[in-house]
Structures are given as structure tokens and as C-alpha cells.
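There are 2 protein chains.
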Amino acid sequence: MTTSKKVAIGVDVGGTNTAIGVVDKDGNVMIKDNIATATHGDFAKFIADLSDAIKQLIKSAKMINEDIEIVGIGIGAPNGNYYNGTIEYAPNLSFRGVLHFVELLKSHFPEVPAIALTNDANAAAIGEMIYGGARGMKNFVMYTLGTGVGSGVVVNGDLVYGHDGFAGECGHTTLIPGGRLCGCGSLGHLEAYCSAPGMKRTAFELMVQYNAVDSMLANKSFLELDSKMIYDAAKAGDKVANMVFEKTGQWLGQGLADTVHHLSPEAIFLFGGPTAAGDLIFRPTKESMETHLLPIFKNKIKILPSQLKPGDAAIVGASALAWKEIEK
Amino acid sequence: MTTSKKVAIGVDVGGTNTAIGVVDKDGNVMIKDNIATATHGDFAKFIADLSDAIKQLIKSAKMINEDIEIVGIGIGAPNGNYYNGTIEYAPNLSFRGVLHFVELLKSHFPEVPAIALTNDANAAAIGEMIYGGARGMKNFVMYTLGTGVGSGVVVNGDLVYGHDGFAGECGHTTLIPGGRLCGCGSLGHLEAYCSAPGMKRTAFELMVQYNAVDSMLANKSFLELDSKMIYDAAKAGDKVANMVFEKTGQWLGQGLADTVHHLSPEAIFLFGGPTAAGDLIFRPTKESMETHLLPIFKNKIKILPSQLKPGDAAIVGASALAWKEIEK
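For the record, the sequence lines run as chains A and B. Mind the numbering: the first sequence is residues 1 to 328 in the numbering used here, read in order. Mind the numbering: the second sequence is residues 1 to 328 in the numbering used here, read in order.
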């Protein structure tokens, strides 16, 4: 015999695929699936197909435990606006303009108590707060390092959405005035230095600077080189690769210090591929942050690895938004 | 016949003097006074004298309106910690270490319902929210430009104190890595560029760069030159002086954009001497902020002059903290 169990649906909208999962209160993914995002030209059709996939997934979950109860659906999406439930002008999606995601999805799930949407990094921050290393923390910030750099800010136990729903874009603070071109079109943003592609750019900058033809990275093209190769080379003792982590940490630490001076969080969590390098990235980041801090903040703010499982983090983070909603 | 009237006491602790005022709910100062801070070597003695001065001021206020009721005492002080009611290691005060300000003051005023302390810029932000241009705003940030650059952050209608009580030190975010020495000992902080002394440094930097012996500022020593002289010269058409405002605005706009990327406020308020220059400083600041913003934030965030009266702002801001306390 099965027992009744509350679960939330997490939806992670990506440019190519949209992942869906049924997640329990402890952050365990019971079952998951995904559908194509990119091939849907029509947004209403996409939402209809997504709804069908969610209903199918719930049916399958009920085969595992017939007494599950859906408390809500949480969605993480690029440029997701929590206040309006919309996705607004997301550069990486094929749909254009302002998409009324929550409103449309609600028409397919009138019986579900809570449906809410935010951007992916905000969802990750809520995931960390509900399931991860930030449980019990009232003030923390999450940085997600990947193709871009996202962030989510938590103050007094609540995610900060700002006046328009878009707060927490710390990846677009200026590190180096007039510096590298960022994906957003501005110059010198943190994302252009501390994302995975930013690390690739740093590797080439260093090879140029030192004419490092003997680096293990010297036989890779600009298109080919990725942050995993830099990590492997660093572990094997390559000087350039080690300097990439050193410089990335210096830049990231400068950015984290700016965040501390705004918010004085208890901890800053780092999430994403580059954080797998552990001390290689955490040590220089911490050192640089401390150097940039006012005395009153020194040796007080923790820099911690996210406790979310990399593979499921996006779904799990999104589902946490549903749990957070029903807490209210 | 007089009518009953609720008032708050505002206390502004400065390195030289401490100002005290009786302030009504509309932010009007009924009566004010001040005592020396610097000459008190002993902190308990200072608090005793401050308490006497407050009691005397209340007595005088009662001569104007015998039915006033004291709702609380709000204190603005450098390195003031809201959570503990302490001043911690303030570099500009003659008292050392951690000062238990609120605890000591409470022993002199056991009957006053609320006594609270925060730093001066946070007090100014609360003043703006209770009496000034931020009435009705839930998300805004205040920058105070003076000898230093302070800031106060408001999210969801509450001041952000962070996990330790010290949030809102935006003047110490890094603008120019490895740049000018800041008063705090770090390099390249916003305060070293956008404070009044920062503008003086910029004037000399520009005279050096352009060998501007014909500038109206060229006959002033590094010690002599102040931001008021730069303002007067700019109004009289001096090129260097005008460039100082242009550059200060560019730097400040970069910093404000970083703040927007963290918090997405409805507005950022500017307070302090340099803001008297109006468009000379507001225009380049706005232009630079917009240049540095992500598209989703462009043309949405207001930069506004503080509505607090310059002379009384510190007392009035501090008193607002008392009003905010009794709202809870």
C-alpha cells in the first residue's frame, strides 16, 4: 500500500529542450521527461504540448505512487518575470516578444493551486534555499557559472525580484570598464570573464601574452577549447591552464565583493561546470574577494559550492519555486 | 489650547559633533541642538551627556507644545549596526572597539518605546522612504555623495541590513580595478571617484592630462580645491570643471548600473553636496547608467534628487528610523 505524498512539478525551459520533472519535498526527482522547445514556432502550441507532457508525466508518477498530490508547477526560464508570469524578449528562444506563460499554462491546469515562473538562476537560488546548502539561511546570493553567469539574491528569506521582476543579473555588473565584449552588447561585464566561454577567452589571452606555444591548450582552436579541457590541463600541471583559474578567481572575487558591499549576505553559493574544479577556482576567488572587502566584512562571508545535483538542478530549482509559493 | 502630537528624536553622530532634533511625522524639525562628540574620551560619559541634551531638548519642545509624545529615538552613526545597536570600529570616532550605544541609551530612557541605530546612509534612505521622494516606493536605493559615498538599499519596503547589519556599502564597490586608493585602503572603489574629494582628484587628473594651466582651477592647491569651486567654475564655463562633472557622472552611472543589475530598483536617489549641480551631474550619470544596462532594464530606472532638506537631512533621516520601528 502506498501513502499520500506531496510533489511539485519543475519545468526548465531551454533554447533547445524543455525538461520536466516530478520532485518531492526533499528535492528528489521521482520521474522526468523533456520535449523540444526549438521546433515549436507557435507559443500556444508549445504550451499545449508542454501541458500534455506534464499530464503524461503525472500519470506515470501515479503508477509509482497513486496517492501523489500536485502542489504546484514551478518554471525556470530565460528572462522569466515572476510578477507577470511572462517570458520577455528572451534572446535564446525562438518565440518573440512577451509570452504569457503562466496564464496560458493555468488554462490547462485550472486545478493546480500554484503556478509560478522566474528566471533560471533565481530558480536555482530558491532550490538552494528549499533543498540545498542554504536551508535556514535568510540572506545569501547564488551565482550560476555556465554559458553565461546568472544570479539569484535572497534577502530576509525571500528572493529579490526588484520593482519589475528582473533583479539578480549580477553577471552583467562591470568588472573592467571598456573591457571584453559581453553577449549582451556591453563591455567588460563579469559574464565575459567568469563564464565558461570567458575562461576560454582568458586562456587565449594568456597564450597571446606569454606566447605559450608549449601549453597543452596551444593545439586547440578558439572554437574547440572549452572549460573542461582547461580543467584537465590545469590538473596535469599546465601553467596557462592554472593561470586561467587564478585569473578567473581574481575577477570573480572582485565581483563577489561588489555583491557583498550591496547586500552583506551570509554566504555566496557557486553553481555550474567551472565549480567542479574545487579549490582551483574557490581559493583564488576567496582570496580576491577578501582583498576587495571593507574591513567590517573581512573573513565573515562564506563562498560555498551549491549542494544541488548538477544534472537535476534546473528541474529541482524550478520545482522549489512551487514549494516557496505554497508557503505564503 | 494645544493638541497631542507624536514626535521622534533624531540623533546624528558625527566625528566632531552630534546633532539632535525633535521631528514630527511630516519630517519637520520642531527644535534642534548639538553636543561635541570629539571631546568625549569616555563613551559612557558621552552617552550620559547626550541623554541630558535629549532630555533638555524634549523639555524645550514641550514649551512649544506641551502634549508631545515621544515615539522613539533613531540614531544614525558611522558603522552603526542595526541588529546589535552598536557602533563597531568606526574609523572617524575617538571611541574605540564595539560601542553598545542603544543598550546604554536605553538605560537613560527606559520609558521610550523604540530606540534603534543604523549607519547614516541607511538612516537617510529610511528618511527618504518615510518623509521624502520614496514615499510609496517598495524598491529603491539611496546614494549619499559627500566626504565619502554611502548607500542604503530598500527591498520590499524594508531596509536591507544583510546578515550582519552592515549591508549597503555601495561606495566601496570596485569601479576601476587597481585604480585610485580609497580611504578604506582598497584600490579603485567608487568612493575614490564620486565623492566630493574624488571630484577634486578628477580635476587635478584632468589638469595633469591636458596641462590645463588656463583652467580657473589651476591656481588652487590640492589641499584648497573643493567641489563647490569646481561647480562654480563649471557654471562659468570652465572646460576642466565641466569635464569633472562629465567624468564623475560616467563613473557614477557605471556604479548605479551595477546596483540595478543586483536589485532592479524603481529609482535611485542621489543625496549630498555634488547633487546641487543638478543636470551637470544627473545627465552624464543617467547616460552612463543606461549605456551599462542590460536591455531589459533600459529606460526604466529613475535617477532622482533626494527630497530631504540638506541641512536637516541627517537628523530627519535618523528620526525616520524611530517611525519605521513603531510601524512593526
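Check the hints yourself; a few may be wrong.
Repeated chains share a single entry, so a pair holds when one copy, or any two copies, can fit it.
Stated by the list, open to error - Cross-link-like lysine to aspartate or glutamate pairs, in silico, EDC-like; alpha carbons within 20 Å at most:
no., residue 1, residue 2
1, 328, 214
2, 6, 103
3, 138, 42
4, 106, 266
5, 25, 232
6, 228, 111
7, 235, 42
8, 302, 164
9, 138, 158
10, 302, 266
11, 5, 88
12, 32, 290
13, 328, 66
14, 298, 111
15, 298, 164
16, 328, 158
17, 286, 164
18, 300, 88
19, 59, 290
20, 298, 66
21, 300, 164
22, 62, 287
23, 235, 88
24, 5, 325
25, 106, 67
26, 235, 33
Calculated from the structure, these hints are not laboratory results.
Checklist entry - Does the structure break any of the earlier hints, and which numbers would those be? => result Numbers 1, 2, 3, 4, 5, 6, 7, 11, 12, 13, 14, 19, 20, 22, 23, 25, 26, in rising order.
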